[in-house]
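2 protein chains.
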Amino acid sequence: MGIEDNSEFMQALSKVRHDIERGVYLPNEKLQPLYEFAKIYQTSQEMMRAIVDQLVEERLVTRRLGVGVFVNPKPIYSSGIEELGSVSEMIKKAGKVPGTQFVAAEIVEPTKSDYNNFNYSDLKLIARVERVRTADGEPVVYCIDKVDNDVVPVGHIHRQDSIFNLIHTITGKQIEYAHAYVEPIGYHDKISQILNCSPDQSLLLLRQMHYTKDDEPILYSENYFRSDAFQFHVVRKRM
Amino acid sequence: MGIEDNSEFMQALSKVRHDIERGVYLPNEKLQPLYEFAKIYQTSQEMMRAIVDQLVEERLVTRRLGVGVFVNPKPIYSSGIEELGSVSEMIKKAGKVPGTQFVAAEIVEPTKSDYNNFNYSDLKLIARVERVRTADGEPVVYCIDKVDNDVVPVGHIHRQDSIFNLIHTITGKQIEYAHAYVEPIGYHDKISQILNCSPDQSLLLLRQMHYTKDDEPILYSENYFRSDAFQFHVVRKRM
Numbered sequence: 346m347g348i349e350d351n352s353e354f355m356q357a358l359s360k361v362r363h364d365i366e367r368g369v370y371l372p373n374e375k376l377q378p379l380y381e382f383a384k385i386y387q388t389s390q391e392m393m394r395a396i397v398d399q400l401v402e403e404r405l406v407t408r409r410l411g412v413g414v415f416v417n418p419k420p421i422y423s424s425g426i427e428e429l430g431s432v433s434e435m436i437k438k439a440g441k442v443p444g445t446q447f448v449a450a451e452i453v454e455p456t457k458s459d460y461n462n463f464n465y466s467d468l469k470l471i472a473r474v475e476r477v478r479t480a481d482g483e484p485v486v487y488c489i490d491k492v493d494n495d496v497v498p499v500g501h502i503h504r505q506d507s508i509f510n511l512i513h514t515i516t517g518k519q520i521e522y523a524h525a526y527v528e529p530i531g532y533h534d535k536i537s538q539i540l541n542c543s544p545d546q547s548l549l550l551l552r553q554m555h556y557t558k559d560d561e562p563i564l565y566s567e568n569y570f571r572s573d574a575f576q577f578h579v580v581r582k583r584m
Numbered sequence: 346m347g348i349e350d351n352s353e354f355m356q357a358l359s360k361v362r363h364d365i366e367r368g369v370y371l372p373n374e375k376l377q378p379l380y381e382f383a384k385i386y387q388t389s390q391e392m393m394r395a396i397v398d399q400l401v402e403e404r405l406v407t408r409r410l411g412v413g414v415f416v417n418p419k420p421i422y423s424s425g426i427e428e429l430g431s432v433s434e435m436i437k438k439a440g441k442v443p444g445t446q447f448v449a450a451e452i453v454e455p456t457k458s459d460y461n462n463f464n465y466s467d468l469k470l471i472a473r474v475e476r477v478r479t480a481d482g483e484p485v486v487y488c489i490d491k492v493d494n495d496v497v498p499v500g501h502i503h504r505q506d507s508i509f510n511l512i513h514t515i516t517g518k519q520i521e522y523a524h525a526y527v528e529p530i531g532y533h534d535k536i537s538q539i540l541n542c543s544p545d546q547s548l549l550l551l552r553q554m555h556y557t558k559d560d561e562p563i564l565y566s567e568n569y570f571r572s573d574a575f576q577f578h579v580v581r582k583r584m
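Chains as they are written, first to last, in this note's numbering: chain A, 346 to 584; chain B, 346 to 584.
The hints are simulated quantities; they were obtained by calculation from the structure and are not laboratory data. A quick note: this is a predicted structure, and the numbers were derived from the prediction, not measured. Built from N, CA and C at the ideal position, the CB exists for glycine as well. Hints may be right or wrong, so weigh each one.
Unchecked claim - Covered stretches of chain A (in silico footprint by chain B; criterion: 3 or more residues with CB under 8 Å from a CB of chain B, positions within the stretch not fixed): (1) 425 to 432; (2) 510 to 524; (3) 527 to 536; (4) 565 to 577.
The following block holds chain A by itself, in its conformation from the complex:
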């Protein structure tokens, strides 16, 4: 039985927790140094350290070694990972306005993975687009999209925010499902900087091949989601 069964501890803990939840401290705000923070809540430094431990476990704050303790922002978007939506749709669902910053658009030779993913032999050139997707102007997702340039020529991709809609407009085909790999990314030299991530802010990468209802492979995407903005959940069942 540790310090946790101390009612003074529980009372101070719930005061701090309540203050964070009702917004006394702002998302990403750095909390006062431990000795000052302890004074505010009239506890010892030792107890305040245990309180912060607990809040770290509850994911209300993050401790950055040698830097300080920061209030975690609430994710803007939480969704079942098995639900496929375009990034624009996900941002809209969260009540935010989606935007796009183009980083690059080019025509490239297919890589070995592209041949595997698109799985047809007459794949000649790939239209490859890199974009930053924003929510209310803030960068939250980095998207690398690849399509067969004979199906959706790269010049068309600038016209619309949603590649799902663009593919539908050009080909009449609708994306029905995707096979996705889920990968954690600690820090990406290029992408973390573009998404304004602090060094300890991680990304969730979904590498996904999209198919039409006739199982035709039509779009490959790598989406890097800022993990403080997007939260995914899943129901796992015993097989």
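Assemble chain B onto chain A, guided by the hints.
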């Protein structure tokens, strides 16, 4: 049209790729410095840099800034994220022998999240266990498990590797499904070290509440998977 449509490039690329795939370079092996590596394949340093770029994209190698280029190990385990198995089962499926190193076992007061997760008011004490799970002796998953100490007393948890089996033995109840949150972790001060991760090796955290077929919450787990050893995929469908 970049350097990729150069047939010399494509030939050298496929030679290096082939050598990595057939095991000329071992998993986690550091490749020679660029100028030496270029010499071996009789290419220019510039072209070898483009080849390495491509192999990074194909996830065959990882570039650690200022350190070098390393061959990626193949994941030992790849599974649908919606399939719930115990960690022991997952390691066995990969043809490896699961093992356990106990880190801590203690009885603690429930946190606010515990009350939310277990969702009954007569929750008094939590049995909390931290373990390192190994595959053929190598640490691959860090597990924090919590159960109601009145249901599964903490003293019992040492006896068996699989908490799923232990819960079944003691209570007669079987775990049927879990609600899981999927979270990328860049570097965890404690856990990354215990799992022998290099600073750029990330972890996938599944925070999951397990239920019986009668929807009774029975086990809360946080599993930190080394991302080079475990790979998860999911089929995402349009709603």
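Against the earlier hints, flag every one the structure doesn't satisfy and list their numbers going up. Structure breaks no hint.
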